[in-house]
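Student: Given the sequences, and given the hints that come with them, work out the whole structure.
These protein sequence lines are chains A and B, in that order.
The working numbering numbers the first residue of the first sequence as 1 and each following residue consecutively.
The working numbering numbers the first residue of the second sequence as 1001 and each following residue consecutively.
Hints are supplied without guarantee of correctness; some may be wrong.
[Said to hold, decoys possible] Below, computed lysine to any residue pairings styled on SDA-like, alpha-carbon distance capped at 25 Å:
hint : chain 1 : residue 1 : chain 2 : residue 2
1    : B       : Lys1093   : A       : Pro87
2    : B       : Lys1039   : B       : Val1489
3    : B       : Lys1348   : A       : Phe85
4    : A       : Lys76     : B       : Ser1208
5    : B       : Lys1348   : A       : Tyr86
6    : A       : Lys215    : B       : Asp1341
7    : B       : Lys1348   : A       : His135
8    : A       : Lys132    : B       : Ala1339
9    : A       : Lys82     : B       : Thr1366
10   : B       : Lys1380   : A       : Gln268
11   : A       : Lys211    : B       : Ser1370
12   : B       : Lys1348   : A       : Gln94
13   : A       : Lys215    : B       : Ser1371
14   : A       : Lys82     : B       : Ser1208
15   : B       : Lys1335   : A       : Thr140
16   : A       : Lys75     : B       : Leu1036
17   : B       : Lys1084   : A       : Ser136
18   : A       : Lys132    : B       : Asp1375
19   : B       : Lys1359   : A       : Tyr139
20   : A       : Lys132    : B       : Ile1340
21   : A       : Lys132    : B       : Ser1338
22   : B       : Lys1348   : A       : Ser133
23   : A       : Lys132    : B       : Leu1342
24   : B       : Lys1335   : A       : Ser136
25   : B       : Lys1242   : A       : Leu279
26   : A       : Lys75     : B       : Ser1240
27   : B       : Lys1093   : A       : Phe85
28   : A       : Lys82     : B       : Asp1375
29   : B       : Lys1084   : A       : Ser41
30   : B       : Lys1348   : A       : Tyr139
31   : A       : Lys132    : B       : Lys1335
32   : B       : Lys1348   : A       : Thr134
33   : B       : Lys1093   : A       : Lys75
34   : A       : Lys76     : B       : Lys1039
35   : A       : Lys75     : B       : Gln1241
36   : A       : Lys215    : B       : Leu1342
37   : A       : Lys132    : B       : Lys1039
38   : A       : Lys76     : B       : Ser1240
39   : B       : Lys1359   : A       : Phe85
The set of hints was computed from the structure by calculation and includes no laboratory data.
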Amino acid sequence: MSYRGYEAVIGIEIHVQLSTKSKIFCADSTEFNGSDNEHVSPVSAGMPGTLPVMNSRAVEYAIKTGLALGCNIRKKSIFARKNYFYPDLPKGYQISQYDQPICEHGSVSFKVDGVDKTISIARAHLEEDAGKSTHSGEYTLINLNRAGIPLLEVVTGPDLRSPAEAAEYGRTIRQIVRYLDVCDGNLEEGSMRCDCNVSVRKEGATQFGTKVEIKNINSFRFVEKAIEYEIERQIDAVERGEKIIQETRLWDPDKNRTFSMRSKEDAQDYRYFPDPDLLPLIVTDEMIEKYRKELPELPIARAKRFQDEQGLPESDALVLTTEKDLADFYEETAKVSKNFKSSANWIMTELLRELNTANKTIATSPIKPEQLGKMITLIDNGTISGKIAKTVFQEMWQSGKDPEAIIKEKGLVQITDPSAIEKIVDEVLAANAQNVEDHKSGKKKNLLGFFVGAVMKASKGQANPDLVNKILQEKLK
Amino acid sequence: MELTFASFSEIADAVKSKKVSAKEVVTHFQNRIQSLDSKLNSFTSQNPNAVKDAEAIDARIAKGENVGVLAGVPFGIKEMLCTKGITTTAGSKILSNFVPPYDATVVARLKQAGVVVMGKLNQDEFAMGSSNETSFHGTVKNPWDLERVPGGSSGGSAAAQAARLVAGTIGTDTGGSIRQPASFTGIVGVKPTYGRVSRYGIIAFASSLDQAGPMVSSVQDAALSMEVICGHDPMDSTSSQKPVPQWSKNISTNVKGMKIGIIKEYMKGGLDADVQKTFDQSLATLKQMGAEIVEVSVSMTEFAVPIYYLVATSEASSNLARYDGVRYGYRSDFKNLSAIDLEDFYGKTRGEGFGKEVKRRIMLGTYCLSSGYYDAYYNKAGQVRRLLTNQYLEAFKKCDVILSPVTTSPAFKIGELINDPLTMYLNDIFTTSTNLAGLPGMSVPFGMSQSGLPIGVQLTAGHFEEQKMLNIAAALESASPVKGQKPHVI
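Tutor: What follows is the structure, encoded as structure tokens:
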């Protein structure tokens, strides 16, 4: 993509919070809604003599994510200490992986504006989160509930070229980790945090420009906006003949701009060295194979299967696979209804609209896939019309009852018996003798629509519309 | 039974058979501490609940419960180990107000075995020192000569044990801090194989070297207490899964056919005459008892002290970062003049909280790990460390145990070396290799200087070969020319 004759080079680091029950190096709860410092043991507080012990679930989640991102899983990875002082960093160092991360050399593919794009994943490494400082007047309050929460930092190569790509990359990672059930993907609660490295260079240039890091962006829309702003800012600076300073910037969503946080000139020397308290992390082939077998079908593969095997259009397949729960819901519905397209349509239109309006998720949908599937079967076998189905759907949404029960209770079965319909038609025609006369004599042009409406009304909408049409046409000849 | 000099099993058997109550034992030793420690300065704090703890043991015995192999045995614990509810300062001002809410695994296991914790023992600040002169609580005196140091860093443990203020003590050894003071005070001190003892709750100095061990009066007591404190701990990933043998039951003084290695590179001379004499005598004794002497080469020991100081200070600089006054421990007084910024906050707190030796080592370690120097120092030290370990493994193919001096001289005078850190560091020349290679090592008393100071000899064995080491130590102990000698202060 060209920006005033320049090209943007973007790399992203996403901190994925792994949804383990306990912290990465101790048994403290990872629950989000704890009161201040509720989930803090001596280990989390970095008290003297305490030691880290690896949470094997965090390792499992890291490996699964690595496999889903096509990474090589290192058989022997090392934890290092990243030494720096900060009040919410209890030990004075963060345990992280440095030159030997658990996952390396992967890639991830997605579509941007209909075009396929593949981005390299340089590495994904395990580390612990720090605590949280709240500044209040001359005091700083420290909450260590977050300290020790397991994070997997997923780092791309400098492969992204536009803000839209960056945002779509982020959404793709979110989609994948949610499919894997290793992270809830909740950006507001900090379950995913993005740092973007942005630089610009003249189109055709081979050397990278000086990069600027934008830290802690908490939505993919802001990722896009922040990068957009940053590209323009950097091009302006270059055009003015200024040098880009290597620095860390923050995004201000209110002012729609980035601002400088600290210059890299006074960058920390983290004094990394292998943490002597943790043995090297050894991953066996058996572990990798076990976790590989447990991997769910990932969104891209699933969307492709929906197209190839079920004949869904690409747009439907992409919508239905955005979330694993949604795709599961669709497949369960289709399994019952045996009608792929109709299942897709009902979910994408009626169900998603209702869920959005009610602020519910697919997991909390009052209508279950079996119920929706049965309802579609009832349409397909002519028990109810598409029109009645909308009523049945609303009733299901309200009461959570099965479609058959609703149809029975409300007497909503479609009338498909021609003689029964003929009876109603006759009654309607008899009651509208003058109109019949006018229609037949051609005095009034085509009153067929009027008669259909009247018959449907008389049948309380239950008459099969096709039959009504057919019978009326014959009688009005 | 003379309680003062009783062995662990004598005390435990007497307590269990109700010949004496745990309370009486505790009271007896409390009286000794009361009357003698003012001369030694070995205790930094006493357990206010010691008598209650002893009564609890007596009550359990009265109910017929099994109270463990060390029932009623009173122990002193080096300040480096966290003790629930008892101040644990690591000899530093920066932890002067720290009361841990948990027991170190070693302490928990001792209590489980019936030990009564009598109090905490003085040490060099954060175990950095070879003389026990860097403690925030002041210097500890050697009970054999009050003008001399007891050795460091477990000087408080050594002095309290030598003067029998308790029946047993626990020390920690990062570069010789159990063996050197044990030698200086005439007691038995063991550093087990790295990974034998959980480090959980032991204040970290240099994590890849630290190991706790007993500082006691006999090889038998050492073996018995090691059985209690050793073994895998789920709280320490580096602790070994290997089962713990019953060393105490398997001790044999028969050394016939055992191969005693002596390190060629150690035989260059330069030892104090008394130390040399003790070493020669121990060697001759073992030979006489039927052991075979073999010469082995561990040429990398030449670099042991520099490697040790690179590794230990690097790890220490990181381990001591947590003492920042934010969550616990000492904080500089900002009541009247608040901190200018974070750097000021840390600077004042750490500047006031740490002593000179600790600061020196933090700076050295920070330098070693800093970018541009890491490869030349820490990384290189790690490589040489591996070579050293490999040389030891080769040497142990030729011998069962290595015999060497512990230190170059007996206990020196207080103040003699404190302003000469390099000479002080060289004191660790015979002990640091063991830690770097993760091997078990121990000091057994075997000689006396002309001026009446105890001298030990050091035994080093292969990984997890504590039994061989204890056996040879027991043989030496049985033939020791200084057996039964007691320090003048008692």
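Student: What are the numbers of the hints that this structure violates, sorted from low to high?
Tutor: Per hint list: 16, 17, 18, 19, 33, 34 and 37 violated.
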